[in-house]
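Residue numbers for the sequence shown follow the working numbering, beginning at 1 and rising by one.
None of these hints come from the bench; they were simulated from the model.
Small disclaimer: the values here were computed from a predicted structure and weren't measured.
Check before you lean on any hint, since a few could be wrong.
[Claimed, not checked] Taking lysine-lysine pairs in the DSS-like style, the calculated list, with each CA pair at most 27 Å apart, reads: (1) Lys91 x Lys69; (2) Lys188 x Lys258; (3) Lys188 x Lys157; (4) Lys157 x Lys222; (5) Lys228 x Lys91; (6) Lys228 x Lys258; (7) Lys222 x Lys69.
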Amino acid sequence: MTQSPTPIHETVREHYAERIKSSASCCGPSDCCSTESKLYPVDLLATLPSDVSSTSYGCGDPITLAALKPGKTVLDLGSGAGLDCLLAAQKVGPEGRVIGVDMTPEMIERAQANAKRVNAANVEFRQGYLEDLPVGSNTVNVIISNCVINLSPDKAKVFTEAFRVLAPGGKLAVSDIVTDGPLPEPVKQSLSAWAGCVAGAVEAKDYIGMMEAVGFTDISIKPVFFDKETVDSALADMELDVNEYPREDIYKAVYSAKITAYKPV
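Required output: the full structure, derived from the provided sequences and hints.
What follows is the structure, given as C-alpha cells:
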C-alpha cells in the first residue's frame, strides 16, 4: 500500500509546518504540555531543556500511560517535534529504541535537531504517513501517539497499520480527541477544523469499533478533559449559526481521552 496525500493531509501538513516555524502550539495560543495544563508530570518535563519540553502538539501524556520498560522498541505515530520520543527514549534506555513517524518535513527536521541536542542516540525519525507506516511488521513493542490519529482521514488504515507493526502482546497507548455524539456536518467538512484537532474526531464507540475490527483487544477509552479555548480556536474560521449549532453542545461533545489496547499474543 502506498498512501497518496489527500486535501486533509495537505492542510494538516501546512498547518503544522507553520506552527513549528512560529513555535506555536497545535490548537491555540497556549502550549498544550505546559505545567499549568498538568498533562505531563513536572519532573518528567524537567528532564529536557525548557524550549524542547514546551514544544508540544498533544492533548495528553502517552508516556505515563504506556508505562514503558527498559529495552523496549517504541513507535510514536505523528511524532511532531519529538517531545514524546525523547521522553520515551529515557524510559527504554540505551538498549531500547524509539522511532518517530511524521509526514511534515519541518517537524522531522526539528525533531532530529532536538534529538541531537540532547544526545538521544536511541531515537530516529522517519517521514511517512500513519496510513502507510515505514516500519516493519511485528517489530514494535509499544505504540504511542499524542493527538494525531484524529487528524487522519482514514483512521481504519491507521489502526490496520498499527496492528501490523506491533509485535504479538504489544500495547497501543495514545492520547487522542474523540466525541460523545456526532459533530455538526459543517464542522466535519471544515479543513481548518480538521487541522485544529476537532473535525476529524469520531465518536468513542466508532473509535473502539475500528480497533476491534483489525484485532485489538482489551480496549479502554477514559475521558480526560477538553477546554473551550481549543474548540474556539479550531472553529475560529467558521461561521456557524449559534441557534442551529450551539457552541455549548460542541464543547460537551469533544474531549481528550486516554486510550489503550493490545495485540493478542
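- Task: Would you list, in rising numerical order, the hints stated earlier that this structure does not obey?
- Result: Hint 5 alone not satisfied by this model.
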